[in-house]
Amino acid sequence: MIVGKVVGSVVATRKNENLTGNKFLIVEPYKNMAGNGRIVAIDNVGAGIGENVLVATGSAARIGCNAKGSPIDAAIVGIIDDAIGLE
Amino acid sequence: MIVGKVVGSVVATRKNENLTGNKFLIVEPYKNMAGNGRIVAIDNVGAGIGENVLVATGSAARIGCNAKGSPIDAAIVGIIDDAIGLE
Amino acid sequence: MIVGKVVGSVVATRKNENLTGNKFLIVEPYKNMAGNGRIVAIDNVGAGIGENVLVATGSAARIGCNAKGSPIDAAIVGIIDDAIGLE
Amino acid sequence: MIVGKVVGSVVATRKNENLTGNKFLIVEPYKNMAGNGRIVAIDNVGAGIGENVLVATGSAARIGCNAKGSPIDAAIVGIIDDAIGLE
Amino acid sequence: MIVGKVVGSVVATRKNENLTGNKFLIVEPYKNMAGNGRIVAIDNVGAGIGENVLVATGSAARIGCNAKGSPIDAAIVGIIDDAIGLE
Chain A
14 MIVGKVVGSV VATRKNENLT GNKFLIVEPY KNMAGNGRIV AIDNVGAGIG ENVLVATGSA
74 ARIGCNAKGS PIDAAIVGII DDAIGLE
Chain B
14 MIVGKVVGSV VATRKNENLT GNKFLIVEPY KNMAGNGRIV AIDNVGAGIG ENVLVATGSA
74 ARIGCNAKGS PIDAAIVGII DDAIGLE
Chain C
14 MIVGKVVGSV VATRKNENLT GNKFLIVEPY KNMAGNGRIV AIDNVGAGIG ENVLVATGSA
74 ARIGCNAKGS PIDAAIVGII DDAIGLE
Chain D
14 MIVGKVVGSV VATRKNENLT GNKFLIVEPY KNMAGNGRIV AIDNVGAGIG ENVLVATGSA
74 ARIGCNAKGS PIDAAIVGII DDAIGLE
Chain E
14 MIVGKVVGSV VATRKNENLT GNKFLIVEPY KNMAGNGRIV AIDNVGAGIG ENVLVATGSA
74 ARIGCNAKGS PIDAAIVGII DDAIGLE
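Chains as they are written, first to last, in our numbering: chain A, 14 to 100; chain B, 14 to 100; chain C, 14 to 100; chain D, 14 to 100; chain E, 14 to 100.
Keep in mind the hints are simulated off the structure, nothing from the lab.
Treat the hints with caution; some may be incorrect.
Put simply, identical chains are the same to the list, so a pair is met inside one copy or across any two.
Restricting the straight-line Cα-Cα distance to at most 25 Å, the calculated cross-link-like pairs of lysine to any residue (SDA-like) are [said to hold, decoys possible]:
1. Lys44 x Gly82
2. Lys18 x Gly48
3. Lys81 x Ile97
4. Lys81 x Glu100
5. Lys81 x Gly34
6. Lys18 x Glu30
7. Lys44 x Thr26
8. Lys44 x Gly21
9. Lys44 x Ser22
10. Lys44 x Asn79
11. Lys36 x Ile97
12. Lys18 x Asn79
13. Lys36 x Asp56
Just so we're clear, the structure is a prediction, and the values are computed from it rather than from any experiment.
Required output: the full structure, derived from the provided sequences and hints.
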């Protein structure tokens, strides 16, 4: 997983039918965290713009968020309350 | 997922038989988005050159697009209508 | 897998329910090891800050740590005692 | 998937038994395509040195090429005949 | 897959129980090969320090090496005897 900040969202009316009902948020990886740019993640925890979140990628996002048959490769799975050593 | 722009397409007559019937589009990741270059994605939503699209990668592309047994690792799964914070 | 050093931890009270009970540690990949930044991994072996650990990523983390249905993409699966050629 | 050029091959007599019978080709990702170096892919379509090919990676290579139980993470799944926007 | 050279090994006494019995080797990707640093791979073919090996990553390593339930994301699956175009 990585920690990132929610910096935006995207809307896609024409999309794969298994994606219906999801919110797509743009996440910027926190400085020092792995990742070479922003990603689009579905929101699994009610995150909002400006929040620091935990993002899972790959099959973990799909299978861990009850979306086994959906084309989802990234999901926000936690909202960061506190951290040691993030800086 | 990432947001990218469709910039081209490729044709492969000799190919794995499970790929038959797919359109292969070249997608350039949007500036600031993750990714270290263009990728080839199958088209799952009727995308065209010049459009901004949502691309899923890994097993999500294969399983989420009803192509469980095909050698597909990237798929265009949405067409971007609107966005906040993409710039 | 990669070798990394535990440099911190994160707390997320609001999170995917399948993540409950896990400890989320921040791991910095060892110099020369693959990886382009820190990652957040669940702790599967009782690791602590400052320890050098073995980290598995992708479906290996989820499936290999009895967390098949959880959105986990990285896990600390060993504590390094000794190494040849790590430097 | 990415487009790459076949630039060589490797031979491994001592190998995992599930790899027996495969041809291992070295593929250089096409300029502008994703990837940070050459990869070794099994040949699923009869590709030869110098040809531009379509390469699938991850579980797609293994499952999409009828090699479900083999340690294969990249496969040449098409030979490029024509392309728009590849340059 | 990638070609790499075995440059070391790590020992972890405290580890996930499904890892017991494996040898963990440090592999440095061959110049020009994909990869952004060294990785730790289990040894599936009896490789030794200094040898050039074929490494599979992701679910291929786990499933292709009869370690379906283990947190393994990289495995040495062949020893390179000969190569064309590796330089």
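To see whether the hints hold, each was checked on the structure:
1. Lys44 x Gly82: neither (32 Å within a copy, 29 Å between copies)
2. Lys18 x Gly48: Intra 13 Å, inter 18 Å, cutoff 25 Å: intra and inter.
3. Lys81 x Ile97: neither (33 Å within a copy, 28 Å between copies)
4. Lys81 x Glu100: neither (34 Å within a copy, 31 Å between copies)
5. Lys81 x Gly34: both (15 Å within a copy, 23 Å between copies)
6. Lys18 x Glu30: between (27 Å within a copy, 21 Å between copies)
7. Lys44 x Thr26: between (32 Å within a copy, 22 Å between copies)
8. Lys44 x Gly21: Classified as both; 17 Å inside a copy, 14 Å across copies.
9. Lys44 x Ser22: both (20 Å within a copy, 15 Å between copies)
10. Lys44 x Asn79: This pair counts as neither: shortest intra-copy Cα distance 30 Å, inter-copy 31 Å.
11. Lys36 x Ile97: between (29 Å within a copy, 12 Å between copies)
12. Lys18 x Asn79: within (23 Å within a copy, 29 Å between copies)
13. Lys36 x Asp56: both (6 Å within a copy, 21 Å between copies)
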